[in-house]
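**Q** Here are the chains, one letter per residue:
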Amino acid sequence: MDYAVEIDDLAFRYKDGTVALKNITINIKKGSKTAILGHNGAGKSTLLLHLNGIYLPQRGSVKVLGVEANKENEKFLRKMVGLVFQDPDDQVFSPTVWDDVAFGPANLGLAKEEIELRVEEALKAVEIEEYADKMPFHLSYGQRKRVAIAGVLAMKPEILVLDEPHAFLDPKSKENLYNILEKENKEGKTVIVATHDVDFAHEWADEIIVMREGEVLSQGGTEVLCREEIIKEAGLEFPKVVRLIRKIRGLKVEKIPKTIEEAGELFNSLINNGCHRD
Amino acid sequence: MDYAVEIDDLAFRYKDGTVALKNITINIKKGSKTAILGHNGAGKSTLLLHLNGIYLPQRGSVKVLGVEANKENEKFLRKMVGLVFQDPDDQVFSPTVWDDVAFGPANLGLAKEEIELRVEEALKAVEIEEYADKMPFHLSYGQRKRVAIAGVLAMKPEILVLDEPHAFLDPKSKENLYNILEKENKEGKTVIVATHDVDFAHEWADEIIVMREGEVLSQGGTEVLCREEIIKEAGLEFPKVVRLIRKIRGLKVEKIPKTIEEAGELFNSLINNGCHRD
Amino acid sequence: MHIPDGFLDAKTVIVTSAASLAALKYGMTKAKKELGERDIPSLGVMAAFIFAAQMVNFPVMAGTSGHLLGAALAAILFGPYSASLVLSTVLIVQCLFFQDGGITALGANILNMAVAGTFVASIVYNTVKKLRFTGSEMTAIFLSAWLSVLTGAFLTSFELAISGTVSFNAVIAPMILVHAVIGIGEGIITCVAVAYIRRILDIKPQAFANYNERGEAR
Amino acid sequence: MNAIFGQEIKKQNIFFKIDGRIKLISAIMSIAILTTISKEEYLAACLAFYILLLCLTGFPVLNTMRRILLPVLFVGFMSAAVTFANFFSVQQNSSVSGAALFLRAFYAILALSSAIYSMTFREFVYSLWALHVPDTLVNLISFTIRYANILNDELWRMVVARKARGYSGGRNFWHTTSMRVIGRLVAVLFLRAAERSQRVYHAMLSRGYSGDMRLLYTPEKLGIRDFAYGALMTMVPLFFKVAEMGEFSWIMR
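Residue numbers (my numbering), protein chains in the order written: chain A, 17 to 294; chain B, 17 to 294; chain C, 3 to 220; chain D, 29 to 281.
These are calculated hints, taken from the structure and not from any lab test. Please note: incorrect hints may appear among the correct ones.
As the list claims (entries may be wrong) - Some chain B residues well away from chain D (every beta-carbon gap over 12 Å; in silico): (1) GLU22; (2) THR34; (3) PRO73; (4) GLU88; (5) GLN107; (6) GLU249; (7) GLY251; (8) ARG259; (9) ARG262; (10) LYS263; (11) ILE287.
Claimed, not checked - Pairs of lysine-lysine residues, derived as BS3-like cross-links and limited to a Cα-Cα distance of at most 27 Å, are as follows: (12) D:LYS249 with A:LYS128; (13) B:LYS49 with B:LYS38; (14) B:LYS140 with A:LYS274; (15) B:LYS263 with A:LYS188; (16) C:LYS131 with B:LYS87; (17) B:LYS271 with B:LYS190; (18) D:LYS45 with B:LYS128; (19) B:LYS38 with A:LYS248; (20) A:LYS190 with A:LYS45; (21) C:LYS35 with B:LYS87; (22) A:LYS248 with B:LYS190; (23) A:LYS45 with A:LYS172; (24) A:LYS274 with B:LYS190; (25) A:LYS188 with B:LYS128; (26) B:LYS140 with B:LYS87; (27) A:LYS268 with B:LYS87.
Claimed, not checked - Below, a sample of chain A positions facing chain B; criterion: calculated Cβ distance under 8 Å: (28) TYR157; (29) ASP186; (30) LYS188; (31) ILE264; (32) ILE272; (33) ILE276; (34) LEU286.
Note that the structure is a prediction, hence the values are computed from the model and not measured. Just so it is clear, CB atoms sit at the ideal spot from N, CA and C, and this is done for glycine as well.
Model the full assembly from the supplied sequences, consistent with the hints where possible.
**A** Spelled out as C-alpha cells, the structure:
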C-alpha cells in the first residue's frame, strides 16, 4: 500500500508542559480523502503542523511520501504538504490577491513565467480570477478563504491539508469548498481535513480518524462514525444520516447512506417495497 | 399582538457609503425563538447592533418592547437587550470569569449583594460555577463562549440576542448552547439568533427571518426554509430534513418534521403502513 | 535598552520617576479627551498590539536580529499622547511580569522610550512631512523611527553615566553606533507597516469608522 | 504569559497567603533601599537572606529560578558590559563594581517576581488600586495582559502560516523581500487589533459600559503575619544600608 503520511508513535508536548499528542500511530493512503475528527483541543491542529515540518517529532516519527520529517527535509515537506489555516486572516497578508497567491511559488524560487502561470491556475481553481487585483481585506470571509486555498494550491502540493475549513462559512461557501476539495482529490491529491463537522466528514471522507485529548481513538472507514462508543467518547455526535437510520425500527442496511439524498433514495425504495416486509 | 422588537423601514449606511441595511421592516414576537438567516455580509450583525442602540437608526425606527430606540433610551435598551457577540474574546475581557460576569450588573449600578447573587445565578445557568476564579485565557473556546453568555444573562435582559453562536463550536458545545437557549426561552425570554446554520434554525426556531444584502427577503414560520426561491436567492441551502423529505417521491406531509428524529418517526410509520399506499 | 534595577543612583531614579509620572498624568488627561470612554478598550488592545509587535524580529546584519520598539509606529498611528500611554503600559507590563527593566528604573525607561521616544518621533514626523518634497512622507516616517531609537539609546547612556555606573565616554559611542544600525531596521519596518495600513484604511474605512472619529456610531 | 497567574489553586503555603499589597510594597521598598548599597558582601547577604526567607515560607524557589533565568542572564551580561566599558575608559569614575550591579539586579528580579507570581491576577489588580495607581493605568495593564495573549497567538499563527508557504527570512535588512513581509505582518497585526478593539468596545457598551471599570473586591484584613513580613523584608536591606554608611562601626570594632 502506498501511503501519503505514515506516523509512528508520535508524541508532542508544549514548552509549558501541556501534552498535546501521545502515541499517535496512523497511516493515510495516497489519494484518499481523510477527515480528522475531534473536539476543540483534541490535538488536531498540532498534528497538522507536524505534517509539513513546522513541528518536528519529539518522539516517534512522521513520514511524508516516504520521506522522514526532519530539519534537512523541511523544504521538501513544505513543498509537498500544503497547509490551509483555519482563519484566512492568519494566512492572507499581501496587498493584492494576486501577490498573495504568488507568495508561495516565489518562495519556491520559481521563474517569473512559471509563477504567473501557477497563480493563474490557482485563481481559476477556486474561481476568484476576477478578484486578482483586489485587496484581500476588501473581500468577504468566504472569498478570503478561497484566496488562502489558492495560495496553497499555487505551490502544487501533493497533499492538501485543511484545518477546520468550515468554521464560519455560509452554506454557499461551504458548497464551494466541497467542490474544490472534490476536484483536487480527483486530480490525484491526497486531501486531509481536520474538522468537527461530522456531517461533512461522513458525506465527504473515505477515511476517518477520530481523536480525543491527543490520542487516536479510532481509524477506519465512515462506519467508524456509526459506532456509539467512539462517538460518545470523542465528545462528537452521530452524523444526521446515521441518526436517521438508527431511528428506523427493524432496519438493517448493508451500507449506511452517505448523504441525505442517498438516504432519500433508500426510503423511496423502502416505502414503495414496503409490502414485502409485511 | 405583543412584540418584543418592531422595526419599521430601517436603513443604515456606513461612513464610506457602503449600504448595510435598507427597508428593513420586521416584527419579532415576545417570547418567540427567532432565527435571522443570511449569507456572510447580509447585514445580520449590523441589524443586531441596532437592537440595543449601539447603532441608532439613520432612517426608519426601531422599537424594543414598545420603546423607541434613541439616545435617551440607550440605558433602557442596553438593559433589556442582551447581546452575545460572535467571538467570546471580544466580550470576555476581565481578569477572571467572575469579574467578567459581574461587569454588566455593576454597570447597572446594583448593590454588591445583588451583583453577587446575579453572578452566581448566571454562572449556574451556563454551568461554569467551578471556573469562577479562572482567567479567561485558561478556558477552552466553548467555555469562554459560555462565560460570554453568562455575562449577558447576569444583566437579566428580556431579549437575548446571539450573533453566529455556532461558529467554531464543537458538537458537545453546540448541544450545550442549544440547551441554554431552550431554557432561557422557557423562562419567558425572547431569543434571537443570527446564523447561517439552516439546520439549527429549522430545528430550533419558530420564527424565521431571511436576509440578503441588507434586505429582508422573507419572514415567517419554519416553512420559509422549504421554499426553493427564497433559499436560492438568499444563497442558503435547504435544511437536511427538508432535503430528505423533498427526495421522497409522492410524499405529501402536513407538517415537515423539524428534527431528524421526527423524520425518523415519520418514516417508521410510513414504512410500517406502506401497504396502504399501494 | 531596558535599564535594570541597581544601575541608576538615587538622584537619577527620583528625577526620572518624577518626570515620567508628570508626563503620564498629562498624557492620560489628553488621551481621555481624545478618546472619551473609548480610551480603555482602544488603548488597552493597542498596548497589547505594541506588546506583540515587539516580539517581531527583523534581520539586522550578518544573521543577527533586532526587535521592533514601536515608539514611532505608535506615535504616527495614535498620536503622541495615546502613544506614550500605550508604550508606558507595555513597559510596566514588561517590568512587572517579565522582569524586563527594573522597577526603580521604570521611571527612566518610561521617560527614555515611552515619553521621549514618542515625542521625538512625532515632532520629527510632523516637521519633515511639512517639507513636502518627493518622498517626504516616507522620509518622515523613517527618520522619526530611526531618531526615536537613537533618542532612547542616548538618554539611557546619559542616565547611566550621570549615575556613575559607567563613564559617558565609554558608553556613548558603542550605544549610539549599535542603535544607529538597529534603527535602520526599525525605520524600514515602520515605513512598510504605516504605508500598508494607510493603503488598506483608505479602501476599507467602515471597519474603523468609529476608531478614527469618535461619536460616529453612537 | 499563560504560566504566570496559574496560582488560583495552590494557596497552601505561607508565602502565598501573605497579603498582596504588603508583598508588592515591601518588595519595591526593599529593592529601592538595596539598590543604593554598593558593598558586594552586604548585597550578597541580603540576597541570601531573601532566598532563605522564600525557602522557609514554602515558595517554589527552584521553579522561579528557572523562570527568571533569562532576565538574570541578561543583567549578568549588562553588568559584564559595564565593567568592560569602565575598564577601558580613561577616567575611572565608576562608583560600583560589576559584581555589585549584578547582585542588585538579581535581588530585584527575584523579589519582584516572587511577589507577583504568588498573587492571583485579581489580587494583583486590586493591589495596584490599593497603591493608588490611577484607574486608567490599572485598566490598561489588565487589558494588555488579557489581549497580549490573544494577539501573540495571532502573530504566531501568521508567522507559522508564512513558514508553511516556504518563507524563510533574509540575513540583513537590505533583503527587501523579508523587510516587506515583516512590515506587512506588523500592519496586518495592527489592523486586526484595531478591528478587535472596535468589537470589544461595542461589546462593553452592550453591557452598559459608560467609562467606569472597577473590580468588586473585598480584600482580607491585614494580620500580624503580613506586617511582620513587610517589616522583615524592608528592615534587612535597611540594616545593611545603615551598616554601609558606617553607623554601626562601634559594633564591628
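**Q** Which constraints among the numbered hints does this structure fail? Numbers only, ascending.
**A** Per hint list: 5, 12, 14, 16, 19, 25, 26, 27, 32 violated.
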